[in-house]
Amino acid sequence: MSNASTSAAGSERISMLKVLNPFHIWALGVGIVLVGEFMGWNFSVAKGGAYGSLIACWVIGLLYTCVAMIDSEVTSTVAAAGGQYTQAKHIIGPLMAFNVGLYLVMAYTMLEAADALVVGDLMKSGAAALGYMDLETKPFVVFTIAFLAWLNYRGVFMTLTVNFVITLIAFLAILVLFIGVDPTHSGTILKHKELLTDLPYGWIGVIASFQFGMWYYLGIEGTCQAAEEVRSAGRSIPLGTMGGMMTLLVAATLTWFICTGLMPWQYLGQAITPLYDAATLVGNTNLQILLFVATIFSAVASANGCINDASRAWFSLGRDRYMPSFFGAIHPKYRTPYRAIIFLIPIAVSFAFTGLLDQVITFSILSGLLGYTFMSINMVKFRKMWPLGSIKRGYVHPLHPFPAITLFALCVSVYFATFLGYGSTLLSIMGFYIVASIWFTIRRYKFVKRGDQFTMPWPRPEGY
Amino acid sequence: MNFWQLLSYAAWGLSALMLLWMLADAMSVAKQYDEEYLMSSREGADELTGQ
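Protein chains in written order, with the working numbering: chain B, 1 to 464; chain C, 1 to 51.
If you're looking for bench data, these hints aren't it; they were derived computationally from the structure.
Heads up, the beta-carbon is just placed ideally off N, CA and C, and yes, glycines get one too.
Some hints could be false.
[Unchecked claim] A few chain B residues that don't get close to chain C, going by computed Cβ distances all over 12 Å: (1) F23; (2) Y201; (3) Y338; (4) I442.
[To be verified] Okay, the calculated bits of chain B under chain C, using three or more residues with CB under 8 Å as the criterion: (5) 146 to 156; (6) 339 to 353; (7) 412 to 425.
Build the full structure now, drawing on both the sequences and the hints.
Next up, the structure:
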């Protein structure tokens, strides 16, 4: 592994370390998402009933499968940090790139804050279960963010190796719980026959549940941020991302199956920690402890992955001067975007200290959704500008343009679902990004070095 | 002071230590290395691109 390369002018250049493999990519993607199986997905049950939630699980699963396929193809050609920001920069242009970069930073930093809040709340619940009722959550929220930022600062290999271990334990906990509820003997522990009902709010309830169906998979697209640090982006990103998506489809379906067989939809739709509640209802103390630990691990893994991704997105914006170039620095020893990591700590702590978990998560989901919508447009343009055969691709997704069209249509349906429940939040978020775009166009774009941002050795695109 | 209160203070203390360590390290890097070198990275190369 090389520590630094030499530029054409002869001066030494620093670079990130290429040390990651497909397992790290899997750990990054699944690690960010899996907390959504432990909490959050079940709010879709409150909107559409148990079957409505299952429909949301699979329909939104299709949306994210399209995201994973499109991301895998584009990122297998762009071995650069920044993920969807870099894709938008190369395919569309600066304004969309700036917006997508901002969506990424906001989505991951807010999700990180929400994860840290969850760790604090779980510590409080654990202390209460052991007889201490007045535990302050703030020290544990700050400790979670500070420790994970420190880990990220010290190097990507250890960061994502830790994520691999704790994510695997959390995933295995779901499998153990599935075996523990004796799924082959329906009626002994699981009571699907008694608990499953018709759609309580009809098909409009099913559509409304799509917003919370996002929790099953939100963040799998974060695998692209590691493209500059994997040994082979062309091989590792598609393998890790598609493997992660398959893992999540299994985990989401098992989670739905376990929880809807143990709890009535009216309770499940409001539960805070549904998988832990399911383990409690089974009545096995070991399962209960395992699921408590797995819930904490899933939240920590998610926060860890979010710090990794938000810092790479912020670093890329700095490197191209979309944000101050100060943030485009790489640590000479640890080879991480250390200034971006430090800068985002107080922002994450501020979001966490608002305590507004609902609003923070909604902002995060909508920022992600805006990114997916643009991704479908990017993909159509990418294939037109660089048709198959014009550049080397590590992965070619099938049936183009149907995945891009499907992704766009499903994004529109989720906007509608969000408008039904969080109309004013949706409009205020749109307003925020419009104001940010105006600021970028008027005040910031003049600092962007337009030629320097395109250093990939690609051929001239068709039609240019 | 019980175990949980001690744990809370430990969490605050360790958080402060780690944050200070990162800030001190970042400042020491800024002193030791040229700014141009720290910001000299370019979009990644991969065997697919032939670099």
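Outcome of the hint check:
no.: 1; hint: F23; in the structure: 18 Å, holds
no.: 2; hint: Y201; in the structure: 43 Å, holds
no.: 3; hint: Y338; in the structure: 6 Å, violated
no.: 4; hint: I442; in the structure: 25 Å, holds
no.: 5; hint: 146 to 156; in the structure: holds (count 5)
no.: 6; hint: 339 to 353; in the structure: holds (count 4)
no.: 7; hint: 412 to 425; in the structure: violated (count 0)
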